[in-house]
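Undergrad: Using the hints provided, position chain V relative to the given structure of chain W.
Residue numbers (this note's numbering), protein chains in the order written: chain W, 26 to 408; chain V, 26 to 408.
Rather than coming from a laboratory, the hints here were simulated on the basis of the structure.
Just so you know, even glycine gets a beta-carbon here, dropped at the ideal spot from N, CA and C.
Any given hint could turn out to be false.
Just a few of them, taken from the derived set where beta-carbon distance is under 8 Å, the chain V residues facing chain W [as the list claims (entries may be wrong)]:
#, residue
1, Val41
2, Lys51
3, Gly89
4, Leu125
5, Lys256
6, Ala257
7, Thr259
8, Tyr263
9, Ile348
2 protein chains.
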Amino acid sequence: MDLEDTLLMMPGPVPVAPRVLRAMSKPMINHRSPGFAAIYDDCREILADVFQTKNDICIISGSGTAGMEAAVGSVVGSEDRVVSIENGKFGERFKDLAALYGNLAPLEIEWGQPVDLEKLEEQLETGAKAVTLVHNETSAGIMNPAPEIGKLAKKYDALFIMDGVTSLGGDEVKVDEWGVDIAVVGSQKCLAAPPGLAMVSISKKAVEAMDDIKKRPYYVDLKAYKKSGDKARTETPYTPAIPLFYALQEALHIVKEEGMEARIRRHRMLSEAVRASMAEMNIEMFPQLNEYSQYSNTVSAMKAPEGLDGEEIKAEMKKRGIIIAGGQNHLKGKIFRIGSMGNATARDILSTIQTLELVLHEKGLLENFGAGVEAAAKVTDRL
Amino acid sequence: MDLEDTLLMMPGPVPVAPRVLRAMSKPMINHRSPGFAAIYDDCREILADVFQTKNDICIISGSGTAGMEAAVGSVVGSEDRVVSIENGKFGERFKDLAALYGNLAPLEIEWGQPVDLEKLEEQLETGAKAVTLVHNETSAGIMNPAPEIGKLAKKYDALFIMDGVTSLGGDEVKVDEWGVDIAVVGSQKCLAAPPGLAMVSISKKAVEAMDDIKKRPYYVDLKAYKKSGDKARTETPYTPAIPLFYALQEALHIVKEEGMEARIRRHRMLSEAVRASMAEMNIEMFPQLNEYSQYSNTVSAMKAPEGLDGEEIKAEMKKRGIIIAGGQNHLKGKIFRIGSMGNATARDILSTIQTLELVLHEKGLLENFGAGVEAAAKVTDRL
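Next comes chain W alone, as it looks inside the complex:
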């Protein structure tokens, strides 16, 4: 019996509201038409508020990775030194992209450990065309200090390329204030649209940098998106995934109705609720913080308790109708992760924690059954 009723509490794709799903049932339209341009422009207007930017915003029909490649490949040439910060799987992806398109200067940090700003400055002192950062490192549940890194990038005149795939739309991101030259978000994370679109903001400095690059990628060439986006009747350079634009527009209207301030507050409190419950359940958070780093407010990463593999927790939760995430690469089995992004509600979070309590209880790993939910509810009650 498949009721299509699994609760997705992983760090994307997240559940999509019925009104957003229904928006995709509209017939196709010509993508070179005023009708499509109006949708594109409406999305960009709301996204400007999400990004806190006056920069141009382009929408690529592709995953967040397509957006990351667009960001690096459009402004970095093979001779250009790129300082690439890695403290998780998506930082690693940026590193791979920097190596593919530029001259990589890696700043490798153990996954889940905070970024060492002094070491970063040492790297930048040598000179760099760009620095890449994953703002919210989903794989490790850590939020990196984007404002401080933006300041350093500015000091050394490097382009600041930021993956905001899982922070934009759920947590505070100030593209203009922080000096982010290229910021990327995915549709299926905090914005709670289906997967398949990447939205990218581009500063003037980034636009200028593109002209110097001989071999930009083709499908994800930001210069082509910028050119089509600048037309009197907004277009995309290649045929866009029309139903996903219908969905994004509706999802962004939900964002607008809630308001970004309230949306950020909700995300922060839901993740605080997760952390409060973990403390009661004697489950340790995975990331190591310093004064500049914070726990992610959109996905919580926890160490698997002694005697229980992270993958087993995931499997036991799945049996009970809730999909959470395990660890990636070398963290597989060692951690488990709970997403609280998108349109997640207190009910979703409490149901997830209650189910986790059941799993731990059955394994004989829980002292005070119910204490986790109680601690979480104390936080969510303030919503």
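TA: Below, chain V without anything else, positioned relative to chain W:
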């Protein structure tokens, strides 16, 4: 008043059946799950019949252009000579991609003119890593001789890369028999799914070629798709556009229900009906054919009649609720195009021709009002 009832008769996006639209309303699922793998595998099984191939098939979340870039960029390195056939806009795109990733040897032919096979052989005699061909050149309404070009590619041991974006699913394409190493199709053309997915078949020879390429693109790297597609539980390397997979699966079930033989026959007769009506209306077809070339069976390109601009025909048709296409680049104004791809019916075609007759009649450019529809109906009646 917007009834969402415009008839799309352009060469993609095409109208999408209500059951396909509804399929996108299903909730999101984990893309690393047996449920998603089952959808992917089901699509690939039906696509194998569409492509007439035993080769692997990958599905990229991106437009047909993403598939074209994947095809060229994954197997061609900067030193590799690529013979790139251009007799239309998409041939030009392949040429641009060949120049970006390889050492371009262009075979430029006036748009809408047939491919000169002797000149092609001269180019191949010099040695080539690959030859690129657009099978059905939508911009010019011409179908290029893929079987003959496949033989030449084989003779000179070049990889045969073919854009089947607007032929696969609507006309005969025999990937294995013709020796196509990489074939690409878009979702929003003859398969009548929404835009946003590109399906790519990959021969063993193409897979082997990938290992020699140092700088393959990242998001559209076919090696990554092949690796994920080979897993026991099928995956995509990056988050797929889940609703588009729901839609593609349903659209492919329609293809299966009709059967490829009947589907090809329908496409051929609908385009024959268009051509029959144009002859009656004294409107010339745009492409110049030779013994190896044919009119496209999925999109018809016509010269705009003396005294009426192609863009004006398009605008007049649009006023009456039917979207056809004009010419691209230097052909703008000079030609107009009618798509007859996907799940188009005789009713759609006759309605389009009848409307065109009205437009021409009002401009005083039609001698025998009704003769076009009559000629077309004689063809469609045999369906």
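Undergrad: Hints first: check each against the structure and report whether it holds.
TA: Hints, verified against the model:
no. : hint   : result
1   : Val41  : holds (5 Å)
2   : Lys51  : holds (6 Å)
3   : Gly89  : holds (7 Å)
4   : Leu125 : holds (6 Å)
5   : Lys256 : violated (15 Å)
6   : Ala257 : violated (16 Å)
7   : Thr259 : violated (17 Å)
8   : Tyr263 : holds (4 Å)
9   : Ile348 : holds (5 Å)
Checked against the numbered hints given earlier, the structure breaks hints 5, 6, 7 and satisfies all the rest.
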